Structure formats: C-alpha cells, structure tokens
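Participant: Residues per chain, in single letters:
There are 4 protein chains.
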Amino acid sequence: MSDVKKVVLAYSGGLDTSVIVKWLQETYDCEVVTFTADIGQGEEVEPARAKAEALGVKEIYIEDLREEFVRDYVYPMFRANTIYEGEYLLGTSIARPLIARRLIEIANQTGADAISHGATGKGNDQVRFELGAYALKPGVKVIAPWREWDLNSREKLMAYCDQHDIPVDFSSKKKKSPYSMDANLLHISYEGGILEDPWAEAEEDMWRWSVSPEAAPDQPTYVELTFEQGDIVAIDGVPMKPHEVLEKLNKMGGDNGIGRLDIVENRYVGMKSRGCYETPGGSIMLRAHRAIESLTLDREEAHLKDELMPKYAEVIYNGYWWSPERRMLQAAIDETQKNVSGVVRMKLYKGSAIVAGRKSDASLFDESIATFEDDAGAYDQKDAEGFIKLNALRLRIAAGKGRRQD
Amino acid sequence: MSDVKKVVLAYSGGLDTSVIVKWLQETYDCEVVTFTADIGQGEEVEPARAKAEALGVKEIYIEDLREEFVRDYVYPMFRANTIYEGEYLLGTSIARPLIARRLIEIANQTGADAISHGATGKGNDQVRFELGAYALKPGVKVIAPWREWDLNSREKLMAYCDQHDIPVDFSSKKKKSPYSMDANLLHISYEGGILEDPWAEAEEDMWRWSVSPEAAPDQPTYVELTFEQGDIVAIDGVPMKPHEVLEKLNKMGGDNGIGRLDIVENRYVGMKSRGCYETPGGSIMLRAHRAIESLTLDREEAHLKDELMPKYAEVIYNGYWWSPERRMLQAAIDETQKNVSGVVRMKLYKGSAIVAGRKSDASLFDESIATFEDDAGAYDQKDAEGFIKLNALRLRIAAGKGRRQD
Amino acid sequence: MSDVKKVVLAYSGGLDTSVIVKWLQETYDCEVVTFTADIGQGEEVEPARAKAEALGVKEIYIEDLREEFVRDYVYPMFRANTIYEGEYLLGTSIARPLIARRLIEIANQTGADAISHGATGKGNDQVRFELGAYALKPGVKVIAPWREWDLNSREKLMAYCDQHDIPVDFSSKKKKSPYSMDANLLHISYEGGILEDPWAEAEEDMWRWSVSPEAAPDQPTYVELTFEQGDIVAIDGVPMKPHEVLEKLNKMGGDNGIGRLDIVENRYVGMKSRGCYETPGGSIMLRAHRAIESLTLDREEAHLKDELMPKYAEVIYNGYWWSPERRMLQAAIDETQKNVSGVVRMKLYKGSAIVAGRKSDASLFDESIATFEDDAGAYDQKDAEGFIKLNALRLRIAAGKGRRQD
Amino acid sequence: MSDVKKVVLAYSGGLDTSVIVKWLQETYDCEVVTFTADIGQGEEVEPARAKAEALGVKEIYIEDLREEFVRDYVYPMFRANTIYEGEYLLGTSIARPLIARRLIEIANQTGADAISHGATGKGNDQVRFELGAYALKPGVKVIAPWREWDLNSREKLMAYCDQHDIPVDFSSKKKKSPYSMDANLLHISYEGGILEDPWAEAEEDMWRWSVSPEAAPDQPTYVELTFEQGDIVAIDGVPMKPHEVLEKLNKMGGDNGIGRLDIVENRYVGMKSRGCYETPGGSIMLRAHRAIESLTLDREEAHLKDELMPKYAEVIYNGYWWSPERRMLQAAIDETQKNVSGVVRMKLYKGSAIVAGRKSDASLFDESIATFEDDAGAYDQKDAEGFIKLNALRLRIAAGKGRRQD
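Protein chains in written order, with my numbering: chain A, 651 to 1056; chain B, 651 to 1056; chain C, 651 to 1056; chain D, 651 to 1056.
Please keep in mind that the hints were generated in silico from the structure rather than gathered at the bench. Just so you know, these numbers come straight off a predicted model, no measurement behind them. Any given hint could be a false lead.
Identical chains share a label here; the pair holds if one copy fits it or two copies do between them.
Straight-line Cα separation of at most 20 Å, DMTMM-like style, residue types lysine to aspartate or glutamate; simulated pairs [claimed, not checked]:
hint, residue 1, residue 2
1, K961, E950
2, K806, D1025
3, K898, E694
4, K672, E709
5, K988, E696
6, K1051, E915
7, K1009, D847
8, K1051, D1011
9, K656, E718
10, K901, E854
Could you put together the complete structure from these sequences and hints?
Facilitator: This is the structure we're talking about:
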C-alpha cells in the first residue's frame, strides 16, 4: 500500500467521507486531495472546505458543476427518452461520469496517482466511478475504502471518529435518516431501511422533494416547454440554461406531487434492490420530449430509437458513459434530434404530467392527409390495396402452401 | 365484380356498416353474412340481429367473444409490457386479429368467398383486418367499401340510405359524436374533430370511460392483483376470468381517472395521426405486470424483453398478429413468464396507478444479499474489485494506447 | 396521362429502355430526357447517345459516376460489414440510390415533372428507384412502364419495335442471355432461366466476371490492403481512389475464382427469388474490413455493429438509402470507424479470400496482456474470480431459490 | 482451504491436470474425483483411468458424451446460424456447458462440495465452466488452480512433477506443441506461439484436421444433406445420429481443406486474442443450414433471427448457456425451425463449401410468382404502385415540408 503518494477523494463533507480522509492518510500514508461538487444535491458545498482543512487537507477543490451536469450529461441522456427497466430515470447513474471525470482531471492537475470514493462494494456506484476513472486514466490506482476496511457498521465508524478526533457534529446537524440517500439536480434516491421489504409501502415522511399527490394543489398547473434540437431551452417562453430549466421543473413538479417512483431494480453487480426516487423535473421532461418527438421524428427513426434505448440505458446504468458504445449510440441519437424543436404544453396535476398540446415548425403531422374529412386527393385510398396485398404476399404464399398461421 | 357469391361482413349494426350491407348486395349481387361480436365495446350486440334481418341478411352471427379476446389476445400481449411508441397500449390493434379470425372461420363455415369490413383506406384497421384474413385464408377476396365507393361524405351516405330504404334511426338514437371512436374491453379511442389539431387539448366531455383526475375521489383506492405466469388471475384475492379482471379494473381505473392518453402516433400507412385513448384497466395491468416482473424476472431476460418489446409492439400495431414473427416473439416472451407469479398492491389515485408493494414466492429479491446492514458474508465485497477491473480492461487497454474515451 | 410534360428516363441504351423512350413519347405525349451512367457495368455508355438521338431525344445525359458510386455508397455500406440474409452483398441495391438521385437532379435541372425506369413490377428495383425519387422530390410523378403497358413478352416488344421503327440491332449485337442481369462496379447478378429451380446448379458458362475456382491459378496470390478510417485507400502500398480499388480487386478476385454466390433471397415485395451473384472485389473487401476491425474496434462497439447490421442491410435492400433511419444508422457506424486504420494481408486462392495477417498503429491487441507466457503482472488473474462471482450472482441467487437453470 | 472435502476435477489425463490432481490433494487435503469425457477430441479417454489410479484417485468417471454433445448443444446452436464476431463458430464455447453440467452432476452423485478445472485465469473457459457450475449448483466451491498456484511456467510444473513422483511420460509421448490447443467434435483450436503476432501467418504444419486448400483434391466432392426441423438427419440419404453426421462432415470437410479460420477475437475478460480454428464439418453445416432456411423460413422470422443471432452468440461465447436469456432466445429460435426441412446439395472444393442446390416439401419459394415469364396473374404488378406509394408516404411528407433527405 506504500506506492500511493497522493489520492483525490470525492468528498461530500459528511461523516463517512470525512472518515475516509483520515483513513486514507493513515492507511496509505499519503496526501489527500478533496473534491466536492455542487451538482444540485441541495446542500451547501462550501462548508466542506473548513471540514477538509480541519482534517489536514491542503488541496481542496469545491466546484459548481450544475450547468455542466445538466448540459453535457442529463440533456444528452434525455434525448434518448432513457429509462432503465421501464421505470428508472437514471438519476444517480448519470451524475457519476462527471464526478469520475473531474476526479481524474484533478488527479492529473495535482499529480495524484490514485482516486478514492465512498461507494460501497455492493452497489452500482463503485462500478460507475471506477469504470470512468480507468477509461480516462488507465493506470490510475483506485481505492474503495468500503471494500477494504472493516468499519462496516455505524458503531465502528463512530469509534473511529472518537479515536481520530473527527468532530462528529459533521453529521449530527440533522437526524440521521434511516435511508441511504443520493441527490443531484435530476433526482433524490432512497434505499435501505424498511424499503428492504418490497411489499412495504414507503412512508410519506421519507419523500423530501415532492408533496404527495394528495397534498398537491387542487388546480392543475399548465406550463409550456420550448425545445430546440431535442433540448428544452425555454419555459413559458423564458429562455433558460439547462440547469435552470431543471431547477424550475423540479420546483413545479415537486409542488404538484410529480416524479415519485418506487421500484425493484437489477443492479449490475447481480442483485435486485429496492429503491425509491423523486425525479420531478425529469418526469416532466421525459413526457414532454416524447411529445415533441411524436410530432417531429420520422416513424422509422423513432422506432429505431425505441429499440436502442434499453441498451443505451443499460450502458449508462452500468457505468459505461465513457465508452465507445455510448458514443456510438449517442451519435445515432443526436443525429435524430436535428428537427426535434417546438413547444409542448404540459398539465401538471396531483402526480401526473400530462401532455396537453404540442406544436412545431418542423412538424411532420400533415392535417391535409390525416383528416377524416375530404382530403382533396392528398392521399389516394386505393394505394392501400396494393400496400396490403404485397405486405400480405409472404403470408398468403405460406398459407397457400399449407403453412399454419395461427 | 361478378365473381363474389357470398361475403362475410364485420357488422356493428350502425349506420355505416348497414349501408355496406346494402351496397355489397347491390354492387356485387351477392349474399351478405353479418358477423357482430361483443368484445366489450359497451353496446348491446343483440339489436344488430333485427337490423341485419331488415336488410335481408339470412345468415347472422352474433357472438360474445369477451373471454376469448382477453385470454388469447390481451393477456399474451401484456406479458410483453407492450407499448407502441412509448405511449399507446394498442387497444384497437389487439382486437383486430380476433375479428379477422372469426370472419375467416365464418367464411369457411358458410362457404363465403369474400370478407368485408367498414374500415377506411387511410387507417391501420384495414391493414390489420386484411393481413389477418390473407394469412388465414390466402385465396379470400377482401372487399373494402371505403376504398371503392364514392360515398365519402355523411351527406352521400344519408342520400344512399334514403334511396335504399335504410332506416336512418339506426344511428339517430344518440347524437352523432364529432369523433371517430372505437371501443373494446381494453380501451376506447377518439380521433378526428378538433383532435386533428395536435395543439388543441381534448375537451373534457369527449372522454367516456373515466372521470377526470380532478373529479376522481379524494381518497386513494388500494387493490391487490394476483399474477400467475404473467397473467392476472385474481383481484383482492377473488379469482376471476381474464375478461372479468379487465372489466373490474376498467371500473376501478375509470373511477379514479386512470388511463387517459393523448398522443400523436405514426400509422403503418405512413402518416401521423392524433388520437386520444382511455385504457383504465390496461394502464393498471401494465404497471402491475412490470412490478411483479421486477421481483421475479432475471435481469438479462428482463432486459432482452425490453429490447424486443418495441418490435413486438410494431408487429401487433401493423397487423401481423397472425405471422411467424409474432409467434417467434411470443415464444420468447412466454418462456420468461413461467415464474412471473405473485401479488402486486396498487394504489389508484386521481389519474395515477402507483405500485405500493409486491411479493412473490418466486421472488429473486434476496434481502440477505441486498441489505445495507451486515449480510453475514452472503456477498463478498472484494469480488467487486475483480469484476470492475476486468470489465474495465478493454477501456484501460484502449486508453493506454492513446484512444480517446471522452 | 396528359399532365406529364417531360420525363427523365434511366436509359441503358438497350432494347427495353429504347422501347420505353418511344412508349413514353407516345403514351404520355411528352418529352423524354435520357440519363445513362457508367457505374462500372462494363459496357460503353457513350453509344447510348446516338441511340437516344435516333429516338428523337434532345436532352441526353451521359455520365461517369464510378468514383462517386464507390466513394459515397459502396464504401459507407462496407463500413458496416453489410450482408443481407447472411449472404448477399447488396450489389444491385447500393447502386439504385445514386441513380435515383441523379434522375431527380436532372429532373430539377431540365424542368421535368416525371421520372421513369425500366424495372419490373415484381422486383426490388422499382421500389428502390421510386422510394429514392419520392424522398428527394416528393411531388414527382413516377412512370413505371412495366407496370402499365401490356408489352409483357419478348414477342410483343419486338412487334412494338417493328411498328415504331426502333432499330432492333440495338440489342442484337450479342446473343440474348437467358438470364436477367444487372452489373455495376460492385457486382453482376443473374436471375431467371434455369435458376428459377433452386435445386438446379448454375451452369458454368453463366458466370462472366470470374473464372471457376477449378480454373483459377494453382498458386495463391497475396495482396496487402491499407485501410484508413474504415475505407481501403491503397493496394500493395499504392494509393488509389475508391473505384480504382474496387476495379483492381474485382480483377484479382475474378482471376482467383472469388465472389460467386448462389442464393434464395426474400424480396421486399414479398416473394422469394433465386439469384446468382459475382462480387469478387467486394468479397475480398468484406473479409479484409472485418479483419482490420478485429484489431482496432472495441468489443462492445463491434458487437453493437453486428446487432445493427441486419437492420442496416434491410434498410438498403428495401430501398431506404435516402431515409432518416439510414442516416441514423450511418452516424452510429461512421462513429466507430475513426480508428479502423491499418493493413490487412489477404491470400486469394481458388475461390477463397483468406486473412493472412493484419497490423495497425491503432491496434487494441495487447501482446503483453494476451500472452500465454509470463505477462509481468500486466493482468492479475485473481481479478477473474471476482469477475466470475459477480457475473454469476444472479444465476446463483436464482438457483439458490430453486429456479431451474437447465 | 480446509473446508473442501471432495472435489470433482475435469481431467484430461494430460500433464497439467495430472499436476492439478496432486496439487488439490495436497493443498486442500481433499479427495479428488476425476471426470474425463470423450467429446470427440480425437484422443483415447480410457488411458486416463490408469493415470488417475496412479495418482490415487478412487472415483473415476470416464464417459463418451459425443452423441449428447452434438445433439443437445451443437445442433441447437446451429439452428441459430451462430457466429461470434462474424467469424468464429464457437467450437470451444459450446463444449463447456456440457462439461460443467457433468461436473456438477458427478459432484451431486459423489457428495463432492467443489469442482475444479485446468483453465487459466486469462481465458474464457474459466468463465464458462464456473458460470455453468454456479448456475447449476449455487453453493458449489470452485477451485481454479491456475489462478491460485505459482506454477506458472513449464519449468515449475516439471519441478513439481519431480517432487511429487508424477510420471512425466504422461505428456512426453508427443512432442509438446508450441500452441495451446483445444479439440472436440466441432473444432480444434490453436492459440499462443507465433500466433501472438496478428501479422504472422499461421504455419502450415500447425493445422491438424484439414489439408490445405492447395493440397485438397482437384475434383470437387458433392454431398446431400437432409434436414429435419433445422437439424441434419441424413447424409447422402443415409440416416445418421447427430455426432455421426458431424464426424462424417469433419472428414469430408477436412479432406477438402474446408473450415480453417484465423481471427483476432474479443475475450469476455476484456482482451483481444488471436486464434486459429479448424471447423470442417461445422463450416459445411452452417452454410447448408442457411440454404435450407432460405427456402423454408418466412422473411420476417429470418430477419429477426439474424438480428438476435449476435446476442445469442455472445451469450454462448461468454458462458451463459445455463441462463434464462439463453433459454429465452432458444425458445424463439426453435419456434422457427418447425418447417426447416429438406435437402441441400453442397459442393466441397479446395477450402470452399458451396451451395449447389436446395429443395424442400416445405419450400416457400413459389415459381409461379417469382418467374420472369408470364405468371398467369398470380401476382398483380399494379399492387406494387400502392405498396411503394404508401411506403414512401412518410418520406414524401417530410420532403414536402422541407426536411432534408440526403
């Protein structure tokens, strides 16, 4: 363990990663660089500075990455209408590649030879951090304390704090939640506690970002979202940066009880886990994006996108953002978004994000052809006969030769 | 046109298909056999008998196909979590193969050499009826009056009725809806009228099967759905036949404002169209089925199902139920459902069908492994390092050779 | 039919399209513009000028499109290792989009309102020409004489020639082949005649571009192909343009009996047909391209390419080159080719194109890791245990819960 | 290491696995059960008995699994036209699940708590053995000596033999090949040695199962293969069991220089490796199977098979034969094979397996429709116009609205 000289740690300022700072200094006899990012988790990041200093850290990185996070990660992902296993909007997954990238960039800048994180050995996040790190700096050493140490209970952690003069008030400001949580601008997640029983309904006071549908206003809220090339660029006509869009939609969605999710998912490491998520803005974005695509995408590219989406979601969920296959899929997805521009009107009401209208200068909807009224010859119904006859030909030949069709 | 001797018509008893009876008799100088089926559209089918008799029809088939419809078509489709273009639950599409099959069976029984239907030349239904017919009886003649005649306005139709003594009260019982509608146990659809403008929100009084979320009860309704091998077999512990399940869930869903959908979709004939749908029971079933699968399906089969689903949906939407590719996909889907058994608890509230719990004797969720608490060695966190290292190997080699990863 | 004023015809100079010139002039009372292209079919195109003039054509386009054909169509297609139904290298399919494009460009240039071609109503080529034409000029009128006229036998065609003073020597120069043939730089195809019996072996004298394997030299020929970004740019170190590469490889392949193919394929119009093809250069290119990719592509992008390829092949075979889905797939494919550079050494011998070696500066093959000898720690074999354990976890959990795995 | 009482070892009788017997006895102080199978590797298995006895083994299993191997593994795989990365016929991969299954069955029979194998920590085979073992017996202990011990050179192995009285003549009978080889009825593989340079051509004397194309007979050999439901059941009209078919075709193929392959492939553990393979019979079978499918499969099921094949190949290559996803894919594949019956005539000549004819009572080839001659109205060419028009509709609408199509 003596070969590590300097390690960059993804540092939240909380108890666990504070312990990790000390443990790394002790165990590896190395210098620790802390990196703390605001990606919209809803907590101040600046206090992490004093805590890191108190732990003897000399190189401290504290950054506001909200804009970059939404612009370069969340938005590209939403272009694909990405959902993992039919339900999950990948709120945790999509934040990891950015963290991994900054860890490596800081390692390069500070001459560190290792990175470290506070993710456990059972989850997906260790995989996502480390795949990203290895992809960006193949020779980097990765230290995952939770896989190495024996501080695998709260008691042991507290004892370690006592022994090492780590101020426990680091984490005592708010009552320890019974849930393991993770938050960023896209979502907040809950795992553990009573959620470990998939039959148990989540308790109302677990949810932090949204009111319950029952507690939401009795009047719906309408909002108009303007898309350009697949991305939302304005809300109710007001131009906004990507992270401002998401912040605004989180507020509107949360106020209307939108975006709660309770699922059992399959982790990349091979186990099922139960998780609850709040993704208020993302849930609105997904629905609205599909709506603007319904008007502006060609049928075959839309269907091909749908066929590729599960694979793309899996790639991101499993941690392969920084991979050739993600870039390959992204190239295909982005190619389709050139005309995905227009406005979608959404109705938000007690847990539901409902499409109330969509319009676009690039619309492929052709009223003159689609109409039930007289179309003045725009569409020749007689063409349908030949269309059907030739599409049926292979089936007719088969049936004619006695092949069973039912 | 002289070669048709007898034609079996999909007859609703309404004005349009009544005109078709007469038009076929006249134009083709042939005998018409009518076939009217109760597939849960919510209207009496027996009155069609007197109407057909009045039109001189001698062979009249009136059948209750509700059980067969849900058991052999809706249920198999739901095993795949089938959605077309991310939104549509295929309520119209899935009823067509059954109608096509009965048309052909009746043609075989009555010695008819042709079938006929009242679908227009612009829509998907003509394709679905006719592909099914050709697949099941390759030499059958198909007559699609809407593609042949010139009665392409309501005025012309009414004039035709006058000229041919077709009692117009056939359709005058209820005020003509401005929408083109189709209904069966799975859904009711609306097209045309103001819906031809995708920016216009559907009017509240259009919807027939569900109250609005706003008008739904202020208290949620909980319901437990029991699955066996992918199909719902009991509600709140009471065993039910498939069509009884769907009837019950339609009622519960409709009462809670669940299942409304407003989309722009891509028709197989090449145009976009705007449609509104109410699928109350189906919306609950879909969510619940995913929930029970989340507990009982292996990850890789679940992901493969998700990748195949868009293709399967397209096959059904386009009218290829009676095809080798549908059977091939069904074989794969059904293979996965052997252990999809258990109970899902759903919360229904003002437009939302929310999963509140799921349990199964065939559950693959392993609390002892998934737990955040001490797992007593069930899972060795150190395995994760090798897992990540080898999964990263191709990326590390590439990066080591200077290949760009970002 | 009176509304067509000027039509651009894909004119080969042969008997059939000469009859079409006259038939169009007569039937549509319109001006005919002829377009004749050299795409490497192996026949002079210049003689078409005098023939067209003799038929009274005033606007005559004769063009050498060989370079454009290979550079912009054949090469992009080969980047995907494209094969239709496991066998066919799409030699005919890939030439149609170029012809369609030029027909439309010439129509725009000459103010023509229609295009015409000599493809029959049973084949794929009519679809390919017309889909391309409609995609590039949606209002264009397409005239497909073979679907309209009644000159459906050689006798009727000859009679038509007699009546209209079309010099029959147009086609009498060489004995009429019993096969329907099509040729361009990528391949020559044969259909019809005895080939209509799939059990009958093609006769040796049918093949025109290659010697039989039996007649090929007893000594193998070695050749080195240099790739840059997925395309061959040099042969044996000599830089060449795309069409020169293909011409050279056709010669080498044909001399060594390479590239004959005899298949039954599924046409887009719904029937099976039997076809024989000679694709000497393409067969070598395909093998060599896979070989250079084997060294330079990442595993996951390679696998994803393989999964997408059948769809991409279908898109091209069916005539959708000019479509959003083709561009979407092309974007994904081209994204992967950035590092597909290097040299492949091929051995050509009596019908086989064999990979004898491959090397690349962008190679991802890492001898130090792959070696069976001591790797000096480049790869830690102990990582494999964790890799396997976690990949097995879902299977172990399932088996532990009594789930059948065999 | 003390908890293992009895271990079942996949024992070849060669030097390496003989060392493993001794090493297991010593290191784990446990009883070793040997299992040696004839899967067509071309060496006597009975001599393994005396060797095992000499090493003190009491429970010795020696079995002829050739029929089961081909019938239950090779044949099902060939129904999918399975090829990994466009080239490799999965000869090694497909034998592993059978070995894994027998290891586990013998462990259950003998009360063993562990299994062991001689595969290295860098390759795919360890993964395939162990995934199979874990899937079939989740609690089994797996011992992979090559990942544990330090006998990682030939010298150390020989020294170990000396120290432990392992008769070195075990392996001295034939000169040690410079290649790492693996053989079974489907193929023989070569890795290592000069093959570690992908630019180096394999030496002629490496190949063991086939003559070179140059050395093959100057006259072609014709053979007729009879398929039933996707499997070959007779050669030249003589009914044979699956393994007899493969033995016969290996002979015929090898005599004609067929089935040599030289590739760079992507291993599941993340590295590229260079391998050479001889698959004489398999290469003929693959080509012939595609040919009989070309006549008897519906187009859409054929295309869907082609799209699923790369995934199926990956599943097998990676070692997931005993998995739900393999069963799911197999269900889809087998569903398509019901009518894949008939006869294929193959021409074997100097390295090539060429389809010379195919016929089937279940053929979907319809001469009356496909013919270039008069089809007496079997196909109405006018249907093609409507078919094309509606297939073009989405492209025409898009182009009409100014959407770029090129």
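Participant: Hint by hint, note whether the structure agrees.
Facilitator: Taking the hints in turn, this is what the structure says about them:
With identical chains, the CA atoms of K961 and E950 are at most 20 Å apart both within one copy (18 Å) and between copies (11 Å). In this assembly of identical chains, the alpha carbons of K806 and D1025 lie at most 20 Å apart only when taken from different copies (16 Å versus 76 Å within one copy). Taking the shortest Cα distances, K898 and E694 sit within 20 Å of each other inside one copy (19 Å), while across copies they are farther apart (50 Å). Proximity of K672 and E709 under a CA criterion of 20 Å is satisfied intra-copy only: 15 Å inside one chain copy versus 55 Å between copies.
In this homomeric assembly, K988 and E696 never come within 20 Å of each other (Cα to Cα): the closest approach is 39 Å inside a single copy and 42 Å across copies. Taking CA atoms no more than 20 Å apart as the test, K1051 paired with E915 passes between copies only; the shortest distance there is 18 Å, against 47 Å inside one copy. When the C-alpha separation of K1009 and D847 is checked against a cutoff of 20 Å, the pair qualifies only between copies, where the shortest distance is 9 Å, while the shortest distance within a copy is 45 Å. In this homomeric assembly, K1051 and D1011 come within 20 Å of each other (Cα to Cα) only across copies, at 9 Å, whereas the closest approach inside a single copy is 50 Å.
With identical chains, the CA atoms of K656 and E718 are never at most 20 Å apart, being 27 Å at best within one copy and 56 Å at best between copies. For the homomeric pair K901 and E854, the shortest alpha-carbon distance inside one copy (19 Å) is at most 20 Å, but the shortest distance between copies (27 Å) is not.
Of the numbered hints listed earlier, those contradicted by the structure are 5, 9.
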